[in-house]
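Let's have the full structure, built from the sequences with the hints guiding it.
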Amino acid sequence: MARILFSTMGSLGDLHPYLAVAKGLLERGHSAVIATNGEHRQSVENAGVEFVETTSMVNVQGDDPAAVERMLAALTTRGGEEFLVRELVMPQLRETYQVVMEAASGVDLLVSQTLGMTVPIVAEQRRLPWVATLLTPMLFMSTYDPPLIPAAAWLFRLRRLGPKFHRAVFDKAREQVFACEAPLHELRRELGVSALAGPALFDGQYSPYLNLALFDRVLAAPQPDWPARTEITGNPVYDGEADPGQLAEFRAFLAEGEAPLVFALGSFAVLVAGSFWEHAVSASVRLGRRAVLLTGPTQLGELPPRIRAFPYLPYSEVFPHAAAIVHQGGIGTLARAMRSGRPQVIVPLAFDQPDNARRTVALGVARGIPLRRLTASKLVRALERVLRTPRYEQAATRLAGELEAFDGASRAAERLIAVLA
2 MARILFSTMG SLGDLHPYLA VAKGLLERGH SAVIATNGEH RQSVENAGVE
52 FVETTSMVNV QGDDPAAVER MLAALTTRGG EEFLVRELVM PQLRETYQVV
102 MEAASGVDLL VSQTLGMTVP IVAEQRRLPW VATLLTPMLF MSTYDPPLIP
152 AAAWLFRLRR LGPKFHRAVF DKAREQVFAC EAPLHELRRE LGVSALAGPA
202 LFDGQYSPYL NLALFDRVLA APQPDWPART EITGNPVYDG EADPGQLAEF
252 RAFLAEGEAP LVFALGSFAV LVAGSFWEHA VSASVRLGRR AVLLTGPTQL
302 GELPPRIRAF PYLPYSEVFP HAAAIVHQGG IGTLARAMRS GRPQVIVPLA
352 FDQPDNARRT VALGVARGIP LRRLTASKLV RALERVLRTP RYEQAATRLA
402 GELEAFDGAS RAAERLIAVL A
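In our numbering, the protein residues as written are 2 to 422.
Worth flagging that the hints you see were computed from the coordinates, not collected in a lab.
Computed from a predicted model, the values in this text were never measured in an experiment.
Even glycine gets a Cβ: it sits at the ideal position worked out from N, Cα and C.
Mixed in with the good hints there might be a few duds.
As the list claims (entries may be wrong) - Label pairs and their computed distance ranges (CB to CB):
hint, residue 1, residue 2, range
1, Arg392, Glu259, 35 to 41 angstroms
2, Ala169, Pro245, 53 to 59 angstroms
3, Arg416, Leu364, 22 to 28 angstroms
4, Ala419, Arg373, 42 to 48 angstroms
5, Arg392, Gly39, 22 to 28 angstroms
6, Arg190, Glu403, 45 to 51 angstroms
To be verified - Each computed EDC-like pair below joins lysine to aspartate or glutamate, with the alpha-carbon atoms no more than 20 angstroms apart:
hint, residue 1, residue 2
7, Lys379, Glu279
8, Lys24, Glu242
9, Lys24, Glu46
10, Lys24, Asp408
11, Lys165, Asp226
12, Lys24, Glu405
13, Lys24, Glu51
14, Lys24, Asp240
15, Lys165, Asp146
16, Lys173, Asp204
17, Lys24, Asp146
18, Lys24, Glu54
19, Lys165, Glu176
20, Lys165, Asp204
21, Lys173, Asp146
22, Lys24, Glu415
23, Lys173, Asp226
Right under this line is the structure:
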C-alpha cells in the first residue's frame with residue numbers, strides 16, 4: 002500500500018479535484034493525505050481523507066474584515082495573478098515548506114498543484130518521486146495555444162502572430178514572475194537544493210516524472226511546447242456534502258414546475274459577486290422563468306415566489322435539471338456544467354475563468370459575458386439566445402455524452418500508482 006501526499010492551496014476549485022483523486026486512491030487500497038488551507042479541514046475530513054493544515058488564506062492578510070475585502074478586491078483586478086504569488090503564496094512559503102516536509106515522512110509519492118511550490122524542494126531533500134498537476138489549460142502558457150490572460154487580454158487578439166511572437170512576450174513575463182518569486186529562490190539556495198531552470202509558475206512547476214493535466218481534453222489538446230511526460234486525465238469531478246433539508250427543499254421546488262434557470266459563482270467569485278444576484282433575479286423575472294440561486298455566504302432579501310436561494314447544493318444534483326446554467330467559469334464548476342448536458346452562460350471574473358469561458362464558447366454550448374460588464378439586459382439577451390437556439394442544447398447534450406466515458410479521478414489515481422510501480 003502506497004501513501005501519497007497532495008499539496009494544494011486556494012478555493013474549493015483548487016481542492017475538489019484532489020479530493021476526487023484521493024478517494025480514487027483509497028478505493029484502490031492506498032493512503033492519501035492532503036495538505037491545504039486550514040479553512041478546508043472539514044471538507045477534507047468529511048471526504049474520509051487525512052488532513053494536514055497549512056496557513057489559512059485569510060490569516061496571511063490578517064483577520065480584519067477590511068483587510069480580507071482588500072485582498073479579494075486585489076485578487077480580482079488585472080494584476081490578480083501577480084498579487085496571488087507575491088502577497089499570498091510567498092509570505093507563507095517557509096511555513097508551508099516545514100508543514101509539507103514533516104507531512105512527507107513515511108510518504109511514497111508527492112503531488113503538487115501549481116501553487117504548491119515547496120513540493121519539489123521536499124521531494125529532492127527526501128529523495129522522493131513527485132508528480133505535478135495542472136488544473137486548467139491556461140497554466141501551460143503554450144505559445145501554440147496562447148491563453149486569454151486577464152492581465153493582458155490584448156495579447157489574445159494577437160494570437161495570429163504565432164508561437165515566435167508569443168514566446169518573446171512570455172519570456173518577458175517570465176522575468177517579472179521570477180522577480181516575484183525571489184523568496185522561493187532564496188529558500189532553495191538556503192536549503193542547498195538545485196536551482197530552478199525558470200519561474201515556478203512557468204517551467205519550474207513541471208515534474209521530470211509525470212505531469213497530469215486534470216482537465217477535459219475538449220478544452221485543450223497537447224501542444225508541442227507542453228513538457229515531456231504530460232498526460233490529460235480528464236477532470237476529477239467532486240461534490241461536497243449537501244444539507245439534507247436544503248436538498249429536499251430543492252427537489253420539492255423542482256417538482257412544482259418547469260426547469261429553472263440556475264445561477265452559481267463557485268466558492269471564490271461568490272465572495273465578490275457585486276450586483277450579480279440582483280441581475281440574476283431581474284433577468285429571471287423578465288424572462289418569466291423560475292430560478293435557483295446558489296449564493297454561498299451571501300444573504301439575500303425577500304425573493305419573488307418563483308425564485309429560491311440556497312447557500313450550497315451539489316452541482317451534480319442541480320445542474321442536470323436546469324433550463325440553462327449561469328456560472329463564473331471556474332474549472333470545477335465548468336466540469337460539472339459540461340457534464341450536465343445543459344446550455345450555459347459564463348460570466349468570468351479573473352484568473353483562468355476568462356480562458357475557460359472562451360474555450361467553452363468555442364464548443365458551441367455557451368455564451369460569455371465578463372462579470373464586470375454584466376447587466377440584467379445583457380443577461381436576458383444571452384439567456385434568450387441559448388434557450389431559444391436549438392444548437393446550444395444539442396451541442397451540450399453531445400458534449401455531456403462524450404464526457405460521460407471519462408473518469409478523470411480514476412485515470413489520475415491509476416497514473417499516480419503507476420509512477421510508483
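Which numbered hints turn out to be false for this structure? Violated: hints 1, 5 and 17.
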